[in-house]
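Top to bottom, those sequences are chains A and B.
Everything in the first sequence is counted per our numbering, starting at 291 for the first residue and increasing by one.
Everything in the second sequence is counted per our numbering, starting at 291 for the first residue and increasing by one.
Simulated from the structure, these hints should not be mistaken for lab results.
Computed from a predicted model, the values in this text were never measured in an experiment.
Be aware that a few hints might be false.
Note that the list lumps identical chains together, so a pair holds whenever it fits in one copy or between two copies.
[Unchecked claim] Derived lysine-lysine pairs resembling BS3-like cross-links, with alpha carbons at most 27 Å apart:
| no. | residue 1 | residue 2 |
| --- | --- | --- |
| 1 | K750 | K479 |
| 2 | K697 | K455 |
| 3 | K364 | K455 |
| 4 | K332 | K528 |
| 5 | K455 | K324 |
| 6 | K444 | K686 |
| 7 | K683 | K324 |
| 8 | K332 | K530 |
Number of protein chains: 2
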Amino acid sequence: MQNQFKFIILIIIVAFNGLSQNIDFEKDSIMMRKMYDIALSKGKAYEDLRSLCKDVGSRLSGSAQAEMAVVWGKEKLESYNFDTVYLQDIMVPHWERGSQETGWFRVGDEKIQKVNLIALGGSIATNGLLHGELIMFETRDDLLKASREEVEGKIVFISQPMDEKMISTFNAYGGCYPIRGLGAVDAAKLGAKALVIRSLSLAEHDHPHTGSLRYEEGVNKIPAAALSTNDATLLYNKIKNSDEKVTFSLELNCKTHPDKPSHNVVAELRGTKYPNKVITIGGHLDSWDLGEGAHDDGAGIVHTMEALRILKELNYRPNYTLRVVFFMNEENGNMGGKTYAQLVHEKGEEHVAAIESDRGGFTPRGFSLDGMDEQLVLLESFSRLFEPYEVHKFVKGYGGVDIGPLKEFYPSAALIGFVPDSQRYFDFHHNANDVFENVNKRELELGAATISALLYLLDKYLYLI
Amino acid sequence: MQNQFKFIILIIIVAFNGLSQNIDFEKDSIMMRKMYDIALSKGKAYEDLRSLCKDVGSRLSGSAQAEMAVVWGKEKLESYNFDTVYLQDIMVPHWERGSQETGWFRVGDEKIQKVNLIALGGSIATNGLLHGELIMFETRDDLLKASREEVEGKIVFISQPMDEKMISTFNAYGGCYPIRGLGAVDAAKLGAKALVIRSLSLAEHDHPHTGSLRYEEGVNKIPAAALSTNDATLLYNKIKNSDEKVTFSLELNCKTHPDKPSHNVVAELRGTKYPNKVITIGGHLDSWDLGEGAHDDGAGIVHTMEALRILKELNYRPNYTLRVVFFMNEENGNMGGKTYAQLVHEKGEEHVAAIESDRGGFTPRGFSLDGMDEQLVLLESFSRLFEPYEVHKFVKGYGGVDIGPLKEFYPSAALIGFVPDSQRYFDFHHNANDVFENVNKRELELGAATISALLYLLDKYLYLI
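Model the full structure from these sequences, guided by the hints.
Structure follows, in C-alpha cells:
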C-alpha cells in the first residue's frame, strides 16, 4: 500500500474518531432533506433573483440603481420577518461609463475594421478620439520585458487569452487577472498612451467583458479598454499575418466622480446560546453596469437570503447569531467588506465563521476553506451528509472578497467560499450576457439549499473544534 | 468508529491492495492530462456537434434526415482515419408527425383556450377533430384506480408533474416515464377516447415534450398528446377552481408507415493484444423530430467519436479492439442496440465492456455501472486519477438503452453509463429547445475527455479483474 494512501486513511480515521461520533447523522439527514425540499419545491430564490434582475437591473456602486438595490434588499429582507434588518453606512467610489465606447483598427492600407470594446472599470477618458500605432504583446510577461523605445507613444494590445486547459475556470481567470488589473500601469511605465486587452473570458463572442483596473501613484494614468474575444482573435490574426503597421483608434468618455455614501444591507436571526458570536453569510449587492448582475452576484444575494429564510421557515433556533449581509462595492473597491469587518470589530462582536457566495448560480460542487486544518476536518466530517446532493468538494482555498477583511480581526474564523460548477461562469462574467435568463432555476435553488445546510451544520457543530 | 465506516475503510484497503498497486498513477496522470488538453484546446467535439445539429438537424428513425445522419456519421468517422469504418444494416420503425397538432379546452361557458400540444411518438391520428369531455387525474395511480363509468368516452388528462425535489432529474423522469409510455393503454382499458399528459419536464415553458408511447395487443389504440408544462398548469388550475364541465378538442394527423432499412455506423481501432475482444462506446444517432437532438443525443455521438479520436491522436495502441458505434433508433424501438448485440454475438466476438453517453453534454460527474462488484472496485481505483477533473461518482446503476441488449449475450461485460450533471437535461429533452446553442463548449469537451480517459483506463487495466 502506498504511503500517501496510508496517510489519508490515518487522517480519515483520526478525523472521524474525533468528530463524526458527535454528528447526529440521522437527525441531520432528515433536516437537510427538508431544507432541500423547501428550496426545490417552494423556494423563493428564483423569483427573488428575477425581481433583482428585472425590477432593479445592473447596479454599479455610486449609481442610482445601486441605491435602488439597497432599498430593494432592505424591503425584501423585512418581508421575511428576520429578527433584525438594518443598513450599514459606507462610502463607495463612483465611476460612470460614458456614451462613447468606440474603436477600430487599420492594418497597413487596408480598410478600417470596427471592434466591440468597452472601458475597463475606473479607466480615465480619452478626451476625444485617441489614435496611435498599435504594438501587440502575446502575454503580460512579454510586455514587462519590453523596452521603452518599443512602446513609447504607442497603444499597447495584450492578446493573451485565458488558459482553456485549466479545469477550474477561476484558476484560468486568476492567471489573467493581472493583465486587466495591472496592465495599464505596466504599459504606462513604458510610455504607452493607451491599453487594450482581450476580454477575460473563455467564450468566443462579441460581448466585451469589463472589470476594474488599478492606477498607481506616480505613474501616468492611461485609458484602458477590453476587446470582445472575437475581435481580439481577429486583431491577433491580422497582426500575425501581416508585416504592415497597425494603427488603432478609440474614444472613451467614462468619468470618475467623488465618492458617495452607500450601504451594506444586513439581516439576522439572533443566537440563543451565543448571541454575540456571529456566523456571517453573504454576497455582493453591487454589480457591473452591463447585463443584470444575475450570476455576479445576484445569485449570491438570493442564495444567502434564501439560506437564512429556509432556517426561519423550519423554525430553527440558532446557537450563534446568523447574519446575512448584502455587501456593497465588491466590484471596484470592496468598501462594503472592509467597512463591515471594521464595524463588527469596533462593536466587540466575535466572528466564528463566514460563508460567501460569489461564483455564480451553478450546480453546487462544495466549499473552499480559508482557515485551519481542524476546520477542514470538520467540513469533511459533513461530507457523508452532503453526498446525496452531489456536493463533494471540501478543500482549502479562497474564501471570498467580501468576507476576506474579517481575517485581520478574526484570524481564527473559518472563511468559506461556496464552490459551484465553474464551467459557464466566464461566459457571463462582467458582460451583457449576465442576465436572469442565463440562470437555471434548479441549479440556483440547489446552491441556496447547500449554503443553508452548511450554515445549519456550522451552527450546530462549530463548538466541536 | 461506526461499523459502517469501518466497513468502508476495509473495502478501500482491500480494493487498493488488490488493484491500485498495479495502476501506474504517474504515467496515467500524464496521459490523462494530455487527453483533457487535446479535448479542451484543440478538440473537435464542439464543431462536430455544430455540424450534426446545423448541417443535418433533427433525425427521427425512418426519416430522410436520419439517412443523412448515417452518411454524415460515416464520412465524419472516415475523416479521422480509424482502422475500419462500416455500416450495420438494421430495420427501423417509421412514424411521422403530421401538419396538424392543434388543441384547446373550454371550461363551462367560458371562451375557448388554445394550448400548445404535440403528439407522443407512435400515436395514431385523430382522423379529423376529436372532441370530448375531459376528466383529470392528478397521478397515473389515480387513473389506474378509476372505474370504467367515470372514464368511458372521455378524454383523459394526467396532470402529474415530475418530482422537482429529486436531486437526480433522471430519477424524477423515471418516476413519470410510465405516464407517457403506458398512459394510452391505461386510459384505453377504461374506454377513454384520447389521452393528454403534462410534458415530462422540470422547466416551465411553452414547448411540449414528445417521446414514445406503447400500445398493447388487444387494447384499443387511442391518440395521445403532451401539453406544454405552462398549459398543463393552466388547465390544472382551471379545473381545480371550477365545478363546470371541461371539454377538450384536438386534432393530430401523425402516421405510422411500414418499417424501413437503416444503419448503425461503426468505427474501430483494432486491438493489438486481443483483437477479438471488444470495448464498445457509443451514443445514438437518431433523435426526436423537434429541435436538433443536440443534447439527446448529438452530445453522445460527438463525445464517443472524440474519445476514440483523442486516443488516435496520441498514437495509443489499444490492447482490446475499441469500437465507437452510432446506434440508430434508440428513441422509438432500440432496433440499433438490439441488432448490434445480435450481430456481434453471431460473429463470435467477445464483449468485455461498453460505455454509453446518452444523458446530455453537461459537466461530467462520473459513471454508473451495470455490472459486478469487482468492476466497481476497478472503477473506484481510478477515482484518484479523475479527481483533478472533478469526476467523483462511481456507482452501481444503469448503463444505457443502446448497450443494454449486450447483457443477454455477455452477462459479465461491464456496461457503463456516462453521468454528467443532470440539472438542465429535462429543460431540453425531446423538445424544440434541444439545439446546439444550448450546449456549452467546455462542458461538452470535458465529457469527451472523461469518456476517453475511462476508455484508456479500461483498455489498460481490465485484465486485472
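Consistency of the hints with the structure:
1. K750 - K479: neither (53 Å within a copy, 55 Å between copies)
2. K697 - K455: Answer is neither: 32 Å inside a copy and 37 Å across each miss the 27 Å cutoff.
3. K364 - K455: neither (42 Å within a copy, 30 Å between copies)
4. K332 - K528: between (53 Å within a copy, 21 Å between copies)
5. K455 - K324: So K455 and K324 pass the 27 Å test across copies only (10 Å; inside, 39 Å).
6. K444 - K686: Answer is neither; intra-copy 43 Å and inter-copy 62 Å both fail.
7. K683 - K324: both (22 Å within a copy, 24 Å between copies)
8. K332 - K530: Intra 55 Å, inter 20 Å, cutoff 27 Å: inter-copy only.
Hint compliance for this structure: hints 1, 2, 3, 6 are broken, all remaining hints hold.
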